[in-house]
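Visitor: Fit chain U to the known structure of chain P by using the hints.
There are 2 protein chains.
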Amino acid sequence: MKTRIVSAIIAFWFVWATAEGLQVQSQTVRPSAPSSKLSDLEAAQNAANSKPGPRSLPARDIPVPDTVSPELASAIAWPYRLPNWNANPKSAAEWNKLVADLAAVAAAAQPAIREKLGVKLETAMMGGVKVYILTPKEIPPANRNRLLIHVHGGGYVYNPGEAGTQEGALMAAYGGFKVISVDYRMPPDYPYPAAMDDAMAVWKAALKMQRPANMAIFGTSTGGGMTLAMVLRAKQEKLPLPGAIAPGTPWSDLTETGDSYKTNEWLDNILVSYNGYLARAAQLYANGRDLKDPQLSPIYGDFHGFPPTILTSGTRDLFLSNTVRTHRKLRQAGVEAALQVFEGMSHAQYTLSPYTPESKEVFTEIARFFEAHLGE
Amino acid sequence: MKTRIVSAIIAFWFVWATAEGLQVQSQTVRPSAPSSKLSDLEAAQNAANSKPGPRSLPARDIPVPDTVSPELASAIAWPYRLPNWNANPKSAAEWNKLVADLAAVAAAAQPAIREKLGVKLETAMMGGVKVYILTPKEIPPANRNRLLIHVHGGGYVYNPGEAGTQEGALMAAYGGFKVISVDYRMPPDYPYPAAMDDAMAVWKAALKMQRPANMAIFGTSTGGGMTLAMVLRAKQEKLPLPGAIAPGTPWSDLTETGDSYKTNEWLDNILVSYNGYLARAAQLYANGRDLKDPQLSPIYGDFHGFPPTILTSGTRDLFLSNTVRTHRKLRQAGVEAALQVFEGMSHAQYTLSPYTPESKEVFTEIARFFEAHLGE
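Those protein sequence lines, which keep their order, are chains P and U.
The working numbering numbers the first residue of the first sequence as 1495 and each following residue consecutively.
The working numbering numbers the first residue of the second sequence as 1495 and each following residue consecutively.
Bound-form chain P, shown alone (with noise of 0.2 Å):
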């Protein structure tokens, strides 16, 4: 073993010594940042980024920060999430196959975390849609007459059923807020606009049960992006707007447009890549549409009017650019919108580690944001 190792390091030098060049090895193989010196390292990039262009970055290992909770290090340490990450069924047969074997451990995980929470689950239709309805152990007064729409992350194919209940849950709890989450029709099956019309259907239905001021709508990821074309949908039919909305790290441009798509690919634990299940899972959604609809991707869609908005996203969030481009686009837009962004997270990591102090604290800045805007 050992011998192979030294051998390795030996044919390695050899390459690097024989070939021309630094820009010529910078195409080919390259020291990573722990074998080599710190001068070595300074020099090499220094040569390989001294014309405009390009950012040319060495390998490296990124040590689990120390500045964040011991539970949140935990999950950032955590290995890549695989299947999820990169999967590539091949039939619409194998999609739901994979879908329903990866919600069934999610759901199974869903009572315990309600128990623990402190939150209660029951299921009702909506405008003829599935709903789950969140309740948590004690409504604050002043959130009595309030009620929060909640559309689940999952690139559009994961999450169906209770699985997609959790970050549903967690505002429950952490907010005090009664939550209505949708478990909207989704590809293989049912390709936009299905998981669309059933949001509009329940917040139709929704906006008989409460003034739209005292309404918010949220989600993460999907259900972020899903918030946002919510929001542009309902200008669109003239229906009421919610009095305020959290898209969370939202998926707000399905093509990969936006500099963290490739900054933080690999880095990012969670969806690691866009060149995974998400680019499958965009084409399955469109299903021939063109990405860039402001329904799919409401980045490119018209943000004057919009309610006010709180964003949250991580350092290390594929959707990162995503987040910070609506927020942009937002302000300039007139709106009044709010931006977090947590130390170290990955994509989502605040929905899936649900009892990290960050989780709680997401949530928590979520309520207030909603406290401050909704109507009583």
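For the record, the hints were derived by calculation from the structure and aren't laboratory data.
Warning: the hint list may mix true and false statements.
[To be verified] Below, in silico cross-link-like pairs of lysine-lysine (DSS-like), each with a Cα-Cα straight-line distance of 27 Å or less:
#1 K1531(P) <-> K1584(U)
#2 K1614(U) <-> K1631(U)
#3 K1545(U) <-> K1614(U)
#4 K1610(U) <-> K1631(U)
#5 K1531(P) <-> K1624(P)
#6 K1672(U) <-> K1854(U)
#7 K1531(U) <-> K1584(P)
#8 K1854(P) <-> K1732(U)
#9 K1854(P) <-> K1672(P)
#10 K1729(U) <-> K1698(U)
#11 K1531(P) <-> K1624(U)
#12 K1698(U) <-> K1823(P)
#13 K1610(P) <-> K1624(P)
#14 K1591(U) <-> K1624(U)
[As the list claims (entries may be wrong)] A few chain P residues that face chain U, going by a derived Cβ cut-off under 10 Å, partial list only:
#15 P1573
#16 Y1574
#17 R1679
#18 D1683
#19 N1708
#20 G1752
#21 G1808
#22 A1827
These figures come from a predicted structure and were not determined experimentally.
The beta carbon of each residue, even a glycine, is placed where N, CA and C say it ideally should be.
Guide: Okay, now just chain U, sitting in the frame of chain P:
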């Protein structure tokens, strides 16, 4: 040439194929993204990130994003700044010469920038400290009884004299405020606490000119860190606090603590790495003092009672973590704190590239925040 590249690839493949276990190879050599097929990269990354621990990243070329203005895209494409980022002077005399040389270039650019922005510069003394007074062509009526104090950036060593006034001129022009920019003393000749003593002397003098509620303090990088340290010290000395502050991508932690010191290393084309001039400047400024003293690293201070604060950063910023950690800590202390993060921006790029639409947006947003929180 081509033969050598092919030999290199074959030799590499041999090493790859004969070594035992992907984990071992990832410690020695790795294929770079451009020359590997995506599926190979995916397999190598999955293997290298299959256990809890540090994140293993491949060598990569990151394209210039197309989600920013052409002007900002050109700034993002820039090579690393040499000798700024990795300067390593061996003596006080060498430091002074380097700083003077860089400052001469920056100062020479200022008259044309002010001319273009319509800003007038005057020099004055306040509390025994040299300051620059920057006045825009027009000050809106609501801002006539408002005054901004500016503390420049440059790692506590760069930008003495007129070289430090660029950000002040941008704020004066884009925001429509009168700005006083502090030309504080710096190491090697004047280490801590000279810079802070000067900044506080100007604050005390300013308190005789204007009501504190009508004044804000702002600055970027070191200027952002000093802005936070000034409020901490004003609290301690029981001086009146400003009505609002705007620490831009603050150097709130002089130690290499925070995730983006690593994740955005080599990606940020302004600071590039902590292990360049920054680490040396921190020692020079601290002059033996603990770098975690809250007057040097204000993130370790108590933010309770801070005035409303707006923070600015970019997705490629080496200080993204300094910024978001400061934001979270302010929010935890109950402070009204806004965060704005700009797509693709490296550290302080909005002050260094004065004419990008994004730079104008940064300062316009800060101005709106000041208008909302300062007395008239």
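Visitor: Give a verdict on every hint.
Guide: Hint check results:
1. K1531(P) <-> K1584(U): OK: K1531(P) and K1584(U) at ~20 Å, within 27 Å.
2. K1614(U) <-> K1631(U): holds (8 Å)
3. K1545(U) <-> K1614(U): Status violated; Cα separation ~59 Å.
4. K1610(U) <-> K1631(U): holds (11 Å)
5. K1531(P) <-> K1624(P): With a Cα-Cα distance of about 59 Å, the restraint between K1531(P) and K1624(P) is violated, given a limit of 27 Å.
6. K1672(U) <-> K1854(U): holds (17 Å)
7. K1531(U) <-> K1584(P): holds (20 Å)
8. K1854(P) <-> K1732(U): The given pair, whose Cα atoms are some 34 Å apart, is violated under the 27 Å limit.
9. K1854(P) <-> K1672(P): The given pair, whose Cα atoms are some 17 Å apart, holds under the 27 Å limit.
10. K1729(U) <-> K1698(U): The given pair, whose Cα atoms are some 13 Å apart, holds under the 27 Å limit.
11. K1531(P) <-> K1624(U): violated (43 Å)
12. K1698(U) <-> K1823(P): Distance ~39 Å between K1698(U) and K1823(P) Cα, so the pair is violated.
13. K1610(P) <-> K1624(P): The hint holds at about 25 Å.
14. K1591(U) <-> K1624(U): Given pair K1591(U), K1624(U) holds - Cα atoms ~21 Å apart, limit 27 Å.
15. P1573: holds (5 Å)
16. Y1574: Because about 5 Å separates Y1574(P) from the closest Cβ in chain U, which is inside the 10 Å limit, the hint holds.
17. R1679: With Cβ-Cβ at 30 Å, over 10 Å, it is violated.
18. D1683: violated (28 Å)
19. N1708: This hint is violated: N1708(P) lies away from chain U, its Cβ roughly 24 Å from the closest one there, beyond 10 Å.
20. G1752: holds (5 Å)
21. G1808: Check passed: Cβ of G1808(P) comes within 9 Å of chain U, closer than 10 Å.
22. A1827: violated (13 Å)
Hint compliance for this structure: hints 3, 5, 8, 11, 12, 17, 18, 19 and 22 are broken, all remaining hints hold.
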